[in-house]
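In the order they appear, the protein sequences are chains A, B, C and D. Numbering follows our numbering, in which position 28 of the first sequence is assigned residue number 28; successive positions increment by one, without gaps. Numbering follows our numbering, in which position 40 of the second sequence is assigned residue number 40; successive positions increment by one, without gaps. Numbering follows our numbering, in which position 266 of the third sequence is assigned residue number 266; successive positions increment by one, without gaps. Numbering follows our numbering, in which position 218 of the fourth sequence is assigned residue number 218; successive positions increment by one, without gaps.
Each statement offered as a hint is correct.
Which copy is meant is left open, so a pair is good if it fits within one copy or across any two.
Below are the EDC-like pairs computed for lysine to aspartate or glutamate, each with C-alpha atoms no more than 20 Å apart in a straight line:
(1) K229 x D213
(2) K87 x D250
(3) K87 x D251
Worth flagging that the hints you see were computed from the coordinates, not collected in a lab. Remember, it's a predicted structure, so these values are computed and weren't measured experimentally.
Protein chains: 4
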Amino acid sequence: MPASTTLLMTLDCPDRVGLLARITGFIAAQRGNFIEVNQYTDTISNWFLARFAFEIPPNATLDSVRRDFTHVAEELGARWELRDRAKPLRTVLLVSRQDHCLADLLWRWRSHELNIEIPLVISNHEDLRASVEKEGLPFLHLPIEGAAGKKDACFRHLADVLCKARAELIVLCRYMQIFPEWLCAQYPNAVINIHHSLLPSFAGADPYRRAYDRGVKLIGATCHYATEKLDAGPIIHQEVIHAEHFHTPDDLRRLGRDCEKLALARGVRFHVEYRIVVHGSRAIVFGD
Amino acid sequence: MPASTTLLMTLDCPDRVGLLARITGFIAAQRGNFIEVNQYTDTISNWFLARFAFEIPPNATLDSVRRDFTHVAEELGARWELRDRAKPLRTVLLVSRQDHCLADLLWRWRSHELNIEIPLVISNHEDLRASVEKEGLPFLHLPIEGAAGKKDACFRHLADVLCKARAELIVLCRYMQIFPEWLCAQYPNAVINIHHSLLPSFAGADPYRRAYDRGVKLIGATCHYATEKLDAGPIIHQEVIHAEHFHTPDDLRRLGRDCEKLALARGVRFHVEYRIVVHGSRAIVFGD
Amino acid sequence: MPASTTLLMTLDCPDRVGLLARITGFIAAQRGNFIEVNQYTDTISNWFLARFAFEIPPNATLDSVRRDFTHVAEELGARWELRDRAKPLRTVLLVSRQDHCLADLLWRWRSHELNIEIPLVISNHEDLRASVEKEGLPFLHLPIEGAAGKKDACFRHLADVLCKARAELIVLCRYMQIFPEWLCAQYPNAVINIHHSLLPSFAGADPYRRAYDRGVKLIGATCHYATEKLDAGPIIHQEVIHAEHFHTPDDLRRLGRDCEKLALARGVRFHVEYRIVVHGSRAIVFGD
Amino acid sequence: MPASTTLLMTLDCPDRVGLLARITGFIAAQRGNFIEVNQYTDTISNWFLARFAFEIPPNATLDSVRRDFTHVAEELGARWELRDRAKPLRTVLLVSRQDHCLADLLWRWRSHELNIEIPLVISNHEDLRASVEKEGLPFLHLPIEGAAGKKDACFRHLADVLCKARAELIVLCRYMQIFPEWLCAQYPNAVINIHHSLLPSFAGADPYRRAYDRGVKLIGATCHYATEKLDAGPIIHQEVIHAEHFHTPDDLRRLGRDCEKLALARGVRFHVEYRIVVHGSRAIVFGD
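So here's chain A without its partners, still in its complex pose (with noise of 0.2 Å):
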């Protein structure tokens, strides 16, 4: 006898009496079981946000189940997504020079922690070349430079690229480049980020060094959606972690490297799992 397939669907739509119902309804007329299932409703802008996993019995399928949902949809003017638990996200990595995050993002895939495929590792340097390579996963040196004109035709060559990959998300390992508004736009919501500092504090260049110069207790690091506005996109988590008179700029930056890993890898886990509706300026993450 197969294993059960369980389903995850986020949704979320203005919010009247009877949604809930009408969507549960609809599962349970297929007979799907819930195992886990999440409602927020934000009563400032009246808007309805939910997260519900479900199991489906073997006759239906995740096709089936989409199919018949999207009149459900129209009906609630929702916005909505569906997907297989089992089945692992396209993830496109990109990454700089500082490998810390790729590091360890890769070990957690390696190690089946996160569900994800990988099917391109990308940077604009070299130097990364042969530690992806060695995990059995294609690298790809796009570089990003030059002036305006120049780079907007790199940004161009890379959404191809991405195109080309079929990603279903993009991940920013310290990329160190800020992707262009037309980019961002083509992947709302799929573009996650990791900022070395506890957003809004310290935004932009070298904020360990800031956070040492203004003596902070606490370094810590924020995962968020890149959006066109550079820092600014919807926040998925933080971490943070006490700093010591004694430590230097250098300890703080160490220190950061261990938010900034784990941060990511909450942020990507929520996204992954798809714990997360982004509302406005806010991501809803349910269950973080």
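Start from chain A and add chains B, C and D according to the hints.
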């Protein structure tokens, strides 16, 4: 126009297809509108657990929903609870001589942080009478003394007092007396205790001295439901704090008090917000 | 036989070889016995900073040590402070209308957790008079009102009151008034403020609402010395707490209060234990 | 001009007046300049413990300081250690089949986060040979099998290997084999183990399953020195992470791995920086 009424419901029962649709369909039929829903299936024991927060229309009441839902609950074989979120929970505080948890809870009550009313504070000592009475609250000195038989008579007296006070929740704020089994059984999952260690570490007496001798680096406290098995009831919440080598056992007690205050206050809040459903030895806390 | 006296000394000066030997040699010559010593050299600015806790023999006194050490300190070009650990620090509390930090500090004072004496509590409002007076403490209503010139007169009055109260430490327990530069300058590193955000994030007004809108996942508070630069004094301690998506701005304020209470209490303790030496914009906290 | 040499010294001995002056006077006489000093007296057992970091002038060497200090240490009856901070500590890693701690430590070693050299990685299984060898490190498969007598022979072989490798530190990266007493005794406070729970909770096997059944809200890990008493050696560091109700035992294992990696890496760092002095059952960690 009156503000809307928000009801809180917790429920658990054996799992099967259609439960959530049945319940949410019922609420929708009453024109109830969900603002926060959490459902979780324990797939090991095949058990359905959920919490619902929903607004009801002006023509509905807590009583009308309760009456009508009784039939649904019977049909599902469910254990359930329902209350008006705005109605303070009648909470009796029991205390011995140490007042840190009591003072913290009284501050939160006075500041409307915790939605409780306190008909009575009971102590087996006189020490804290003044600090309770200056809050305008009745204080009852009810000694628990003597040999086993004598003590049991004291607890029977206590049980009478609790009954007359119509206690919905009993909070042991460092009460230092072990509730007898039969008394715990009268208030299932309604007696909250604070244990001054990170259970199951250092269960029993003087955990801070033992933590010092063991050189632990983390001091913690556990908020749990009192059951007939001492220090083994379902864990609601735990707090932890880092200890330094120069901390004496007295310093650890001080740090411990901060953990205890916070863990108890949060545990009581989760209970008051009906965020907890107990399943076997585990307390499921939705949104902790 | 009398219990031994423990002295606390902090000291900083330009670094050079032999400083620690000179100081500890002096203390040893007085038959002082160290129980905790922390020394740190800021190798960027070449600055020596240290804290010493030591017991002195029955024939020595705070005054004799102070008198004799004066020569050593002059020789080293050191800034230093010395006090008897057992002697409570005279601490004036300033408060506005919110009482969470005040209530927390008063509880810790009453319970002998903090070794302070409180000659006076000052407020620019009458609201908290009763809760202060029932602790047996004098309460002074000193309004800060009017245009700039008028306000400055109020602060000159306040300065007189602080002077007469022989305040050694001033704690702004959510005072909501900005101390003028000249007043900060009278009490260098002796005015402790609690800022209701994780500085430098959300400096300024209503940080919790802004944190909500930004969807941050961590709520924090910062305890710092007040200086002439608003919200930019040396940071003493920071606390942080995880926020959930269902938390309203009011919930964040509540979580913030828990951070504020804890951050302020710990910061005051570090100050009272003479664990802090300020160097430029950084507060070095030994053993935080 | 050569960079200055920094030495690290730890020391403990019976307490008496003048110890710190004697030691710092000796260092000053050698023209050594302190950059970080921590001293602590355990006033319960009357024991002096300290750590010194100091730069020595070009004409001094580790050996000259060691030779001259020997007389001082004898005079004080002190146990002490001294090393050049820049010199990597020879560290042998022992591992079984799980590689999360190993991979984490190897990354930190490769990235120069940890100042160690690794002459050898030893395992009782073949599984991790490839991942070790691709780092360019020697891997030794040394099975630990059979009945007690046979096993002991295996450990004697292991002891020979460790001796030949001139191991200064041995790290058990989830080694799953219990070091015999006589082997622990050969490396006092130089065998670091990671225990997959927050000791003393859940000492022994499968703590994550037991933590799940007990419904604990915090998952933790403990880094400690291995001693002849299993799971009872001095605790160096502990990490903790919040668990959610929907986490399965496997999820708890995953969260536990993050705790284990971080706790072990930090514990090893504290050891390598000579921040730890063990006194009885307690590990004093200066600046953790």
